[in-house]
Amino acid sequence: MQESDNVVRNYVHKLKFQVKDTLLAARYGFNVRNIWVFWKGIVQAWVVWAFFAYAGFLAAGDSVADRFAAARLCPVPDSLFMTNIPSVILLVLGTLLAFYIYMITALKVSRLTFEQLRGDQFFSEADARRFCRSNWKAVVATPLVIAAGIATGILAIFVIGLLGRIPSVGPVLAGLLAIPAWILGLFLVLALVGLLLSVFLVPVITATTKGDTFECLFEVFSIVTSQPMRLFRGIVTGLFVRVIALVVFSFFAWGSVTIVSSVLYRTSGIQGFGDTMESGFSRMAPEVVPFYSSIFNPISSTGHVDSSRDGLAGLLVSLSGAAILLALWAYWLSSGTAQWTIMYLGARYNRDREDLLLRAEEEEYREFSRLYNSTTTTTTTTTTGGAGRETE
51 MQESDNVVRN YVHKLKFQVK DTLLAARYGF NVRNIWVFWK GIVQAWVVWA FFAYAGFLAA
111 GDSVADRFAA ARLCPVPDSL FMTNIPSVIL LVLGTLLAFY IYMITALKVS RLTFEQLRGD
171 QFFSEADARR FCRSNWKAVV ATPLVIAAGI ATGILAIFVI GLLGRIPSVG PVLAGLLAIP
231 AWILGLFLVL ALVGLLLSVF LVPVITATTK GDTFECLFEV FSIVTSQPMR LFRGIVTGLF
291 VRVIALVVFS FFAWGSVTIV SSVLYRTSGI QGFGDTMESG FSRMAPEVVP FYSSIFNPIS
351 STGHVDSSRD GLAGLLVSLS GAAILLALWA YWLSSGTAQW TIMYLGARYN RDREDLLLRA
411 EEEEYREFSR LYNSTTTTTT TTTTGGAGRE TE
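Residue numbers (the numbering used here): 51 to 442.
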């Protein structure tokens with residue numbers, strides 16, 4: 051790569067394009083900006099899903115006020131809800147919109163991580179939003195195309211089943227088409243794996259290559275089929291270090307809550323502050339967590355804590371506890387996005403010997419050179435024209 055040596059010969063990054071690079075995921079995920087982006091994304095997805103869930107209860111003829119008193123911020127659909135078609139449609143729509151918010155948030159964080167890997171610490175959330183506005187289509191379209199392909203394959207097997215119901219001739223036709231149906235089933239299994247991994251890979255592919263839907267489809271199945279063991283080792287290695295990092299982060303968060311609770315008790319006499327904060331999620335989502343569930347030790351108790359506070363003060367403290375839990379979740383998602391970004395960069399280099407970080411640097415340099423040369427040429431032309439008029 052002669053151009054790389056000449057143009058950006060001083061450009062270096064810390065990746066060796068090996069599986070052990072995924073150990074960096076915990077560190078790159080622990081970025082306040084990335085965690086904040088995912089925290090907001092979780093809240094937005096949660097609000098959207100809850101809104102459509104409550105709309106579904108309303109469509110089913112249930113009392114929204116009663117449901118909110120029982121479920122608060124996370125309603126769980128019951129049997130009456132699931133037997134009402136409009137309610138189910140609203141729930142599916144809300145789930146898809148929440149999933150869309152997650153995918154776009156993952157695209158933002160993946161691009162932020164990509165720029166971090168390049169050494170650009172000044173790439174802001176606003177820059178990531180502008181990038182998403184230009185590249186969101188592939189993130190949405192790729193899983194839909196894979197899902198449509200799976201639905202088409204299942205429909206084809208369904209047609210074979212219908213042919214098998216033809217009297218006399220049907221069983222013979224089904225027997226003749228057994229092998230093609232089996233081969234189609236193999237492709238369906240691969241497509242299901244691709245659909246699952248596309249949730250993690252498509253935002254990363256788009257963030258690192260700015261690729262369209264076709265490129266995302268090709269990359270997903272190419273990486274899955276050509277480097278499955280590399281993906282497996284990367285997933286295991288990344289999960290190992292991320293779990294340790296999450297435990298450490300949770301320990302620090304628990305220590306902070308303990309210190310704050312202890313100081314408040316000794317200075318103002320407020321009791322149960324820490325317990326109320328730790329059980330905040332169970333108070334905000336009692337149907338999901340019906341018993342006391344500490345965000346730092348979920349199996350610590352099976353009953354409500356007597357010292358937990360009630361009223362407006364208790365509500366605010368519980369919301370604060372739920373926000374802390376969301377921060378832990380946001381770190382987990384941020385580190386996961388960093389892990390998949392690093393894994394894809396390594397897989398791409400291992401397959402094509404192409405450094406996407408270096409390619410982005412070259413593209414940026416060429417764009418800078420084009421703009422700079424264009425400005426220089428314009429200035430020179432203006433100066434020459436002015437000199438000619440002065441001579442006349």
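The hints are simulated quantities; they were obtained by calculation from the structure and are not laboratory data. Any given hint could turn out to be false.
[What the hints assert, rightly or not] The following label-pair restraints were derived from C-beta to C-beta distances:
(1) A119 <-> I320: 40 to 50 angstroms
(2) E337 <-> A363: 55 to 65 angstroms
(3) T145 <-> I233: 29 to 39 angstroms
(4) I294 <-> L65: 16 to 26 angstroms
(5) A363 <-> A119: 30 to 40 angstroms
(6) N400 <-> I320: 50 to 60 angstroms
(7) Q94 <-> V142: 13 to 23 angstroms
[What the hints assert, rightly or not] Below, computed lysine-lysine pairings styled on DSBU-like, alpha-carbon distance capped at 35 angstroms:
(8) K66 <-> K187
(9) K260 <-> K66
(10) K187 <-> K64
(11) K90 <-> K260
(12) K90 <-> K70
(13) K90 <-> K187
(14) K90 <-> K66
(15) K70 <-> K187
(16) K260 <-> K187
(17) K64 <-> K90
(18) K64 <-> K260
(19) K70 <-> K260
Bear in mind that the values here come from a model prediction, so they are computed numbers and not experimental data. Even for Gly, the Cβ is constructed at its ideal location relative to N, Cα and C.
Verification of the hints:
Between A119 and I320 the C-beta distance comes to about 26 angstroms, which lies outside the given range of 40 to 50 angstroms. The beta-carbon spacing between E337 and A363, approximately 23 angstroms, falls outside the hinted interval of 55 to 65 angstroms. Checked against the hint of 29 to 39 angstroms, the pair T145 and I233 passes, with Cβ atoms roughly 33 angstroms apart. Taken as a hint, the range 16 to 26 angstroms holds for the pair I294 and L65, whose Cβ atoms sit roughly 21 angstroms apart.
Distance hint for A363 and A119: a CB-CB separation of about 19 angstroms, inconsistent with the stated range 30 to 40 angstroms. Hint check: N400 to I320, Cβ distance near 56 angstroms, so the stated range 50 to 60 angstroms holds. For Q94 paired with V142, a C-beta distance near 18 angstroms keeps the hint of 13 to 23 angstroms intact. Pair hint K66 plus K187 holds up; C-alpha atoms about 31 angstroms apart against a cutoff of 35 angstroms.
Among the hinted pairs, K260 with K66 is consistent with the structure: their alpha-carbon atoms are about 23 angstroms apart, no more than 35 angstroms. Of the supplied pair hints, the one linking K187 and K64 holds, its CA atoms being roughly 31 angstroms apart against a limit of 35 angstroms. At most 35 angstroms may separate the alpha-carbon atoms for a hinted pair to count; K90 and K260 meet this at roughly 24 angstroms. Distance hint between K90 and K70 is fulfilled; the C-alpha atoms sit about 30 angstroms from each other, no more than 35 angstroms.
With a C-alpha separation of about 21 angstroms, the suggested pairing of K90 with K187 holds against the 35 angstroms cut-off. Annotation: proposed proximity of K90 to K66 holds, straight-line Cα distance about 32 angstroms (limit 35 angstroms). Distance restraint check for K70 and K187: the Cα-Cα separation of roughly 32 angstroms lies within the 35 angstroms cut-off, and the hinted pair is therefore satisfied. Between K260 and K187 the CA atoms are separated by roughly 11 angstroms; this keeps the pair inside 35 angstroms, and the hint holds.
Restraint check for K64 and K90: satisfied, since their Cα atoms lie roughly 29 angstroms apart, inside the 35 angstroms limit. Note on K64 and K260: the hinted pairing holds, with a Cα-Cα distance of about 22 angstroms set against a maximum of 35 angstroms. A distance of roughly 26 angstroms separates the Cα atoms of K70 and K260; the hinted pair therefore holds under the 35 angstroms criterion.
Of the numbered hints given earlier, the model fails hints 1, 2 and 5; all others are met.
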